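Produce the complete structure using the sequences and hints provided.
One line per chain: the protein sequences are A and B, in this order.
Just so we're aligned: 170 in the working numbering is position 170 of the first sequence, and the numbers increase by one with no gaps anywhere.
Just so we're aligned: 356 in the working numbering is position 356 of the second sequence, and the numbers increase by one with no gaps anywhere.
Don't read these hints as lab results, they were simulated from the structure.
The structure presented is a predicted model; accordingly, all values stated were derived computationally and were not measured.
Some hints here could point you the wrong way.
With a straight-line cut-off of 35 angstroms between C-alpha atoms, the simulated DSBU-like cross-links for lysine-lysine are [to be verified]:
| no. | chain 1 | residue 1 | chain 2 | residue 2 |
| --- | --- | --- | --- | --- |
| 1 | B | Lys63 | A | Lys59 |
| 2 | A | Lys102 | A | Lys130 |
| 3 | A | Lys90 | B | Lys63 |
| 4 | B | Lys267 | B | Lys279 |
| 5 | B | Lys63 | A | Lys130 |
| 6 | A | Lys90 | B | Lys267 |
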Amino acid sequence: MRVIHHATPTHAANGVFLIVHANPNPARRRWLLRALQGMIGATVIAILYPVARFLRPRKATVSGALELVAPLKPKDLLNGSAKPFDFAGKPCLLVLLPEGAKRLAQGERLQTDDVRAFNAVCTHVDCTVKYRPSEGDIFCNCHDGVYDLDGRNVSGPPPRPLEKYKVTLRGEPGQEEIVVSRQA
Amino acid sequence: MKLLSTLRAFFDERLGLEAVRALARKKRVPNHGCSHFYYLGGMALFLFLVQIVTGILLSLYYKPSPDQAFESVRAIMTEVEFGWLIRSAHSWSANLLIGVLFLHLLTTYMMRAYRRPREMTWISGVLLLGLFMAFGFSGYLLPWNELAFFATRVGTAIVGVIPFIGDHLLLLARGGEDVTGDTLARFYSLHIVVLPLVTFGILGLHLFLVQKHGMSVPVLTAADGEHRTPSIPFVPHFLLRDMVGWYLALALLAALSALFPWELGTKADPFASAPAGIKPEWYFLFMFQTLKILPARLGPFEGEVCGVLFFGLCGLVVLLVPFLDRGGKSRMVLNVLAALAVAFFIFMTAWSWFSGPGQGVRQIMLGTLLVAVVLFLLIPFARAHSAARSAVYVCLAISVIAFLSASGWELMR
Chain A
1 MRVIHHATPT HAANGVFLIV HANPNPARRR WLLRALQGMI GATVIAILYP VARFLRPRKA
61 TVSGALELVA PLKPKDLLNG SAKPFDFAGK PCLLVLLPEG AKRLAQGERL QTDDVRAFNA
121 VCTHVDCTVK YRPSEGDIFC NCHDGVYDLD GRNVSGPPPR PLEKYKVTLR GEPGQEEIVV
181 SRQA
Chain B
1 MKLLSTLRAF FDERLGLEAV RALARKKRVP NHGCSHFYYL GGMALFLFLV QIVTGILLSL
61 YYKPSPDQAF ESVRAIMTEV EFGWLIRSAH SWSANLLIGV LFLHLLTTYM MRAYRRPREM
121 TWISGVLLLG LFMAFGFSGY LLPWNELAFF ATRVGTAIVG VIPFIGDHLL LLARGGEDVT
181 GDTLARFYSL HIVVLPLVTF GILGLHLFLV QKHGMSVPVL TAADGEHRTP SIPFVPHFLL
241 RDMVGWYLAL ALLAALSALF PWELGTKADP FASAPAGIKP EWYFLFMFQT LKILPARLGP
301 FEGEVCGVLF FGLCGLVVLL VPFLDRGGKS RMVLNVLAAL AVAFFIFMTA WSWFSGPGQG
361 VRQIMLGTLL VAVVLFLLIP FARAHSAARS AVYVCLAISV IAFLSASGWE LMR
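Listed below in structure tokens is the structure:
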């Protein structure tokens, strides 16, 4: 390719294409390049901003309830197989202690501490735990995490105790409603 | 700096980047009166990228079931931050993409870029246009609104009139006798899995062939000798100009999406009557209008069957253009057919777009505008100062004047 330093219309008409490096003005060239890069950068940001906002999860549609009447009665908890229920979007595990089960069988009034409620999400990596009446503990199937009936992490990988909810019982013996409440 | 060059050497050795750089340095693009048409392919590619990105984003919230599809799209439009923008961008970009592809096809035909050895580039391009129309058709159903529901019923019923295999195709397309949740699932799978996979394959071939054969030079310019045609380096000269095309597409897309968010309509009710004035997307209007005006029977045949076979034949002719053009008379016939096809497309689209009574002036506005666009594209193909160039100018002037008069008339009313 011929390099021509001063292009004339004749050159263009002859079909000679050239990149004119003649009379280079580095400052202006640098400024133009910066402007171009800046413009492209601004475009990328203008595109990424709505995309990032789009990716943000929607506002949760679960209730923020602080208190709930459990959909279970104490007698449902007798064999320890009651499933956790939805309390403000988290599974809530109800445990009837052995003493409570005894009292219930004898038709006595339950003590408040006989029924316990926990946030059933394991503190290790978010599996849902279950109550094991035979072992008298709360167990996580995923990684063999064990909690005692106070929710304290006893063995296995869980790093923290389970979150414990306050339980209130109201109504006639045997027909008590279980009210679970939590701190905001 | 030392670290940077070490890293660069590391990747160079393993990925062979030097070959890419050498290619980028070597690649040149012809520069002539019709070079602007080269940017249409780049714009289409850019819009396809927009489709991929916005499509993936929409799929994060969309739920393909008749019970939830409409509600999930409504949630995207109202609850998700910038959801309205992403969905509008997806819909508008789809329409712009098809529009750009029509222009790309038309200008490629005008430049006769399908000449040997580029026949397969043309064929893959026509297949891509068909694929993108299939994208449009399958995507249209996904919001499960009234319009989409009936458009899908009609569109799949048209497939059903194809002789011999129509019934089977209809069952295959709908996944049953009627348009149901299974149809939605099929269209969803088609739209986000099957079509993208096929498109990536054919698009890869198309781009590879464009790279392999280089840009075609129009006959008019090539007559002086292809090697004497001036050219510019691909990097950065052509790339920067291509970027202008991308920015144009982006600006148009952003403006349309922001000013005219895509409507959602009302949820489909499989047992309700079709709403008044129901129409498909604009790129199917010419077929829609033709089927509408065809009589029930054409001689011994059903009108609809004739229409469907006719459009099938048209598609086949477009696909085989490189082989039908054998110079001389055959080229003349093709050119006349192409002009007729474009005129037919414009006429039918303008007619169908404003279909209500008393819309004649608007039909003329749209028709003359489209004619002006096509004539404008023709300018570089007529030699400067020739009778042909003058004829193009005169026709262009007439259509612009007709458009302006019609617009003026419409504004005065």
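Going through the hints against the structure:
no.	hint	verdict
1	B:Lys63 / A:Lys59	holds (18 angstroms)
2	A:Lys102 / A:Lys130	holds (21 angstroms)
3	A:Lys90 / B:Lys63	holds (23 angstroms)
4	B:Lys267 / B:Lys279	holds (16 angstroms)
5	B:Lys63 / A:Lys130	holds (32 angstroms)
6	A:Lys90 / B:Lys267	holds (33 angstroms)
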